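Participant: Here the structure of chain V is known, so what remains is to put chains H, C and U with the ligands in place on it, guided by the hints.
Chains as they are written, first to last, in the working numbering: chain V, 1 to 505; chain H, 1 to 347; chain C, 1 to 331; chain U, 1 to 340.
Some hints could be false.
25 Å max Cα-Cα, derived DSS-like pairs, lysine-lysine [as the list claims (entries may be wrong)]:
hint	chain 1	residue 1	chain 2	residue 2
1	U	Lys239	U	Lys178
2	U	Lys46	U	Lys325
3	U	Lys340	U	Lys175
4	V	Lys347	H	Lys347
5	C	Lys195	H	Lys347
6	U	Lys212	U	Lys232
Keep in mind that the hints were calculated from the coordinates and are not lab data.
Bear in mind the structure is a predicted one, so any value in this text is a computation, not a measurement.
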Amino acid sequence: MSDTPVMELRGATKSFPGVRALSDVHVEIRQHEVLGLIGENGAGKSTLLKVLCGLQRLDSGSLLLRGSEVAFQGVADANRKGVAMVFQEQSLLENITVAENVLLGNEGPSVRFGLYRWSDLNRRAQKYLDLVGGSLRAATPTSRLSFAKRQMVEVAKAIASGERGHHEPVILLDEPTSVLEHSEIETLFSIVRELRERASVVFVSHRMEEVLAFCDRVYVMRDGGVVGECHPADVTTDQLFAMMVGQDLSAGYYHESDQRPAQSRPRLELSNLTGTTFHDVSLTIARGEVVSLMGVQESGREDVARAVFGAVPVKSGTITLDGRRIRPRSPAHAVRAGIGYVPSERKVDGAVLGMDVRENLTLAHPGQVSRGPLLDPARERRTVQEWIGDLRVRTPSQHTPLRDLSGGNQQKVVLAKWLLDPDLRVLVLDTPTRGLDVGAKADVYALIRRLAARGLAVLLLADTLDEGIAMSHRVLTMKDGRITDEFTSGVGSRPRRTDVLERMV
Amino acid sequence: MKLTLAPADHHDPRATGRTAGKTSRPVRAVLGSNAVPTPALGVLALIAAVMSFVNPSFLSPGNLGAVAEQSAVPAVLAVGLTFVILMGGIDLSLEGTMAAASLTTALLVANDRNTMDLGLWAIAAGCAVGAAIGLVAGATVGLLRVPSFIVTIGTWQIGLGIAQLLFGDTPPRVADESFRALAEHRTAGLPGIVWIALLVVAVGWTLQRYTRFGRYAYVIGGSEETALLSGVPVRAYRAAAFVLAGATAGLASAMATARSGVGDVGVGTGLLFTTIAGVVIGGTLLTGGRGGVLHSLVGVVVMVAIANAMVLAGVSSYIQQTVQGAVVVIAASLTLWRARQRLRVIK
Amino acid sequence: MATTSQTPPQTRTDTAGPSRLRRLHEAGAAPLFVLAALVIAVGAYDSSFFQAASLISLLEQAAPLTLLAVGEALVVLTGRIDLSNAGLASLAGVALAHGLGSWGPAAVALVVVGAALCGTLIGVLHISTQVPSFIITLGFLGIFAGLSLTTSRADSILVTDGYGSIEWIFYRIFGLPISYLLVLLVALALMAWMKALPTGRRIRAIGLNERAAAHSGIRTRGIVIAVFTASAALAGLAAVFQVARLQSAGATTSDALLLPAIAAVIVGGTAISGGIGGVGRTLCGALVIALLRVGLDLVGINAAFQPILYGGIVIMAIAATANRRRGASVA
Amino acid sequence: GAVDSGSAAGDSGRCKPSDVTLVQSGRGLENEYYVAVNAGARAFAKSRHAHRYQWIASNGDSSKQLSQIQSILAKGGKCVVLNVDPNESSVLPAIVKAVDRSGAWLVTQWNRPDGLAPESESPHWVAHMSVDGVPQGYETAKALFESMGGKGSIVALQGILDNAPAQERFRGLKKALKEYPGIALLGDQTAGWDRTKAQNVTQTYLTKYGHKIGGIWAASDSMGLGALGAVKNAGRKGKVKIASIDGLAEAVHDVRDPSTGYVATTPSTGAAQGGLGMSIGYAAATGRINPAEEPQGHRSFYLKPLPVITRANASSVPSPTDTTKLDFTHLWSQNGRPIK
Ligand SMILES: Nc1ncnc2c1ncn2[C@@H]1O[C@H](COP(=O)(O)OP(=O)(O)OP(=O)(O)O)[C@@H](O)[C@H]1O
Ligand SMILES: Nc1ncnc2c1ncn2[C@@H]1O[C@H](COP(=O)(O)OP(=O)(O)OP(=O)(O)O)[C@@H](O)[C@H]1O
Ligand SMILES: [Mg+2]
Ligand SMILES: [Mg+2]
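So that you can see chain V by itself, here it is in the shape it has in the complex (with noise of 0.2 Å):
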């Protein structure tokens, strides 16, 4: 093992409009290890990944490869030369196999005279499937894949895309396991884990616990710049929190002492609610209070979800909210009725990324920034403007475009596009924390136990058991479409994981 790092950037600088990304920044890239990095949202991770792949240039600074400096002309040509990245955001294509998937642009031996000979193609694939294991068959259509295995196959293609070099690849993971359930976080471990025999990783994620059980050495990012470099052996969660944060959060991470008693008076009823994926769905949420819903995969949790949203379509059973019966066909009529949604899809379903930040905030009501029908834009500006301070949204202007924030970010401008009506009096939010950073997660925590104090009534469908248990006053269990247990959780009196876990596997 030499001791030239396998990649390096010295003095990385990266701007965008009015950001900047990376700021003189350094790392190295040992071989044989996996890198862990962490930060929280707009800390600039993602942009050094892909500076790292060559789907990005560097302003100024250097980017080293093997030693030798390079300069990449794009994705393909970093493949090419060993490097490989899974996106954060999934990128295979649905209407074409597996196989294809996995070695598109990089069909090699499996395209002889521009014909593609299947069989070898396949085989190829099936090489690098088999690697990430969970039974993946290569002539699959894509679109048959769950969300999960998707994953999977872009490690596949990953790996696959780095090993065209003839090097031992280095392979970018840009927050693989946000979307991936406990053993298939395991099963990408146990991957990694053998893939670090013959090459570099490196590893996003927002759960310290990951990062540490599993990195050899981490990287600290903040503001554009690495702010510190670890090994997990020597330092904690919590430390590693306030670095990088820049200050101490993880004692009132999830405000647990702003949790206030929901009032007795019930604003949100379920009952016998059915839909194609759940059944007899019964639940009450009171005023001030958050109930989470937990469950597995297809537990028909999110499809409970969407149908108090009015985005899928309920067969039987009713929905009254505060005494009157609603029965929400769109998720017009039930924004109407003062229901508010963010979706976990955030790019494909919460955000106008196009748009800007004020139109964005003020799309579901935009009454509320208008005199008579007519926009009024001082009032716009400035109700927009208190709430960009409010919630600590970080952007250049009202009139960014969404799609230049961080993720983080466009979560905040999503959720408080709710927050603007005055009467609104129930929220349903599924996974609202997903991807984002521990500071904006904190962020949206108090802002849930704010609203929670104001009346409303929250839904919750937490990314993670623990979330779930901390934020909510009570939590139901679901599985295969059903209810099948409800704990109450206050200050002090939380459920223990492993019962509420019995009851949702």
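Facilitator: Same frame as chain V, now just chains H, C and U with the ligands:
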């Protein structure tokens, strides 16, 4: 380590692909997959069923031959167009391209205007003219990043202009008997142009299944960004698709010219409607990424069969357009019915 | 996750803040420049083009096209397309020519409302069957054409009785064409509507990300139906203008305006993928196309070369005005 | 009248020959008929020693045609002479109005809406000429029926329905059918003047009616030629007789060849319509005639019907673009009956 909860396996409602494991029997699996244009075949069967009551001669071998012959030209057009649409573009220029290619072909075979006599090579020349017009469109779309929708309105006009320049005073009449024979001589009961069309469909299907061009058409139509990230030279492939569409329009034009016997600026009139409607009814999505050559073939046959059936049924000329329009709407609804879903976005 | 919705990281090349030129471009200045360049080019060949008579004549000619283009722009803003509006204008023209004699001015209102209802039908069908607008409106193009043929009994109809109630549209007031002033009025009203009410944003949001718009409580289906209704109502209005201009109506009178109207929208800089663009720039685009349709004759270009030049200039004009902001499809 | 009388009502033109601009408007030169029209108009321009002459193509777009004319009038003023084949009759009132307003001179061809006529509208609309489709349809149909021996069945291909000549020609066919009780009309369809469409429709008819079809009547040569293609491909060339109208070179050629079964067409009228139309407009612009004083038969008229082309006379038919026979000095030499 924390335990994480993944979201329910989220099958995107917009995806037209069907969930796995629901179909056990192989026949149903095939019909249910996107590999076969099942709904369009259903529409075809419906037309046949209705016509067997209204006018049974619809199903006579002679009439089926007529439908095949009339489908030949739009089918060839559809093969090229399919690849453009698979990549998420559109080619509206084919009537203009056909005009230019028709004149070129007619002036290069033995004709009554000049002394050229390239024989069947003139077909290649027609294809080349079409390909050249396609290249203009493809290069413009690629280099200037202008939507193909509007670029091909431009190249349509350019093709028409070329044709008008070549037209002179009278339509050049084809004197080359071997060229005319493509449309007139029958092999196994069908004229040559039908066999050519079948060959083109077979080649198109092979392209779609077994070549980089074909597979990457799906990739580019699925997500241009992903294609770029994977180092796919998207512009080149896209330009190639327009060239192919131009070349097939040239070939289709040569076939139509062989059939009519003159170089005609109006050779493609009405074929844009037939072809695009056919491609869409077949199940190729205008947004790209789904469908294929066989789908388009079936869709085009549906369109031709409707026109044929209306003549056989004696539908008044006055309302034929109305009926055809209504059938397009209904057939497309039937084709896409099973994909309907709340909050599905269709543009 | 559907492939269409995947948003893998995009290559960003722009490092500087938006330059002044770029801001001008985004404000829709390019179509104005293209228009000015064309006017100057035609005028350079033939200085008589700068006479008021020629320019006013151009505005008058552009009026019906502009109405169709503005309606089309609204539809295109939602990411859809309306291929039926010109066909509908022909049908509405025939209906108006029939109706003017017996109904007088009321026929005008009836025709516009009737056309709007046709648009509503298209919108409702598009929404409820979830068939792409391209194909629905292609079908309706055929339906309208057939209906025009049937209702006109394949003959053109001269308007004599009741012509007075629309004839004034093509009068001039203080030398200015009333027709174009009316078009401007309609366009300005729409622009104000789009700007001052939330509707404009909602339409753009639908064009940019319809699912997110729906999840923000926007009645996307209603707005899409409304937009098709508006496009059809403007087609009905265009028909009124056509009948006023021609004093007669035939089954196919306005059919050929379809592609020019779409070209006008795109030349105006509205993205065909939706969400970017607007009404004002479409006015410019329509003038560019109206000028191109006659400019080549004015300059005296040989008829056979005209289509080639027209095609080439349209492509170049769009290359100049197209908004290449990220997210705008170029396919 | 539907169009206001212009300011110059009753005046004849006072343009100097050198000031006159001649403008011929039609669909487009990709069409043989308009090539002949253009040839006739151009021949007239030449005979008056190269005044400004311009051909403008509407490409089948009525709005465009009107715009072109309005723009040319806005620029050219009183000494423009327009010989216009309106893309469809509905654009004519607006063209007349524009011409009248600018004081230019207009001659029109073929189509006009019912109730609109030069004599009642404006002196600047000098004349309207057309070709009577009824005798054309009648004579060609008769030639067809004769060739079939007076009995058998036929199918008919109509032109674009929204078109006066198409309707007149079909009326001529109907008239002939009445005189030949032995002939049955099995069906008629529009093929929209289109060759390929005609071929498809004919092919379908041939499978529908099979050997019952003994003849095909088509409202235009392009459709007749399409029908011939279908007949050939069905192996029935020569056995199915065909007759059509227009005098396209190819149709005339086929009439000469007995093996095709093409029995009749009509001589082309394009050159006469172009040349004479232009000369009438020019005469008004230069003051040689005063339209207001011309009799109705000079203002709205059909061209003299010409004998149909059959095998007997096919070899002596001049080319459609042959303008040598046109006599531009005798303006009314080709006038047939007035249009009422
Ligand atoms: N037209 C086609 N389109 C897509 N894929 C195809 C096509 N034809 C064959 N294939 C794929 O190529 C593979 C090779 O075909 P073959 O019949 O040789 O399979 P195999 O070698 O037995 O299977 P494998 O090697 O994948 O275990 C098939 O499994 C099939 O997945
Ligand atoms: N036997 C096979 N082995 C491997 N891949 C296959 C096989 N058969 C089909 N495929 C692939 O599976 C995918 C879906 O199969 P399908 O046959 O439906 O493809 P298609 O007809 O090319 O596309 P579409 O799904 O749009 O109809 C295709 O991308 C094709 O390449
Ligand atoms: Mg990131
Ligand atoms: Mg397929």
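Participant: Would the hint linking Lys212 (chain U) and Lys232 (chain U) be met if the CA-CA limit is 25 Å?
Facilitator: 16 Å, holds
Participant: Given the hinted pair Lys46 (chain U) and Lys325 (chain U), is their alpha-carbon gap at most 25 Å?
Facilitator: Measuring from Cα to Cα gives roughly 15 Å; hence the hint holds.
Participant: Check whether the Cα positions of Lys347 (chain V) and Lys347 (chain H) lie no farther apart than 25 Å.
Facilitator: Holds, at about 19 Å.
Participant: Tell me if the straight-line CA distance from Lys340 (chain U) to Lys175 (chain U) falls inside 25 Å.
Facilitator: Satisfied, since the Cα-Cα distance of roughly 20 Å is no more than 25 Å.
Participant: For the pair we were handed, Lys195 (chain C) and Lys347 (chain H), check the Cα-Cα distance against 25 Å.
Facilitator: It holds: about 24 Å lies between the C-alpha atoms, which stays within 25 Å.
Participant: For the pair supplied as a hint, Lys239 (chain U) and Lys178 (chain U), is the alpha-carbon distance within the 25 Å limit?
Facilitator: 24 Å, holds
The structure agrees with every numbered hint stated previously.
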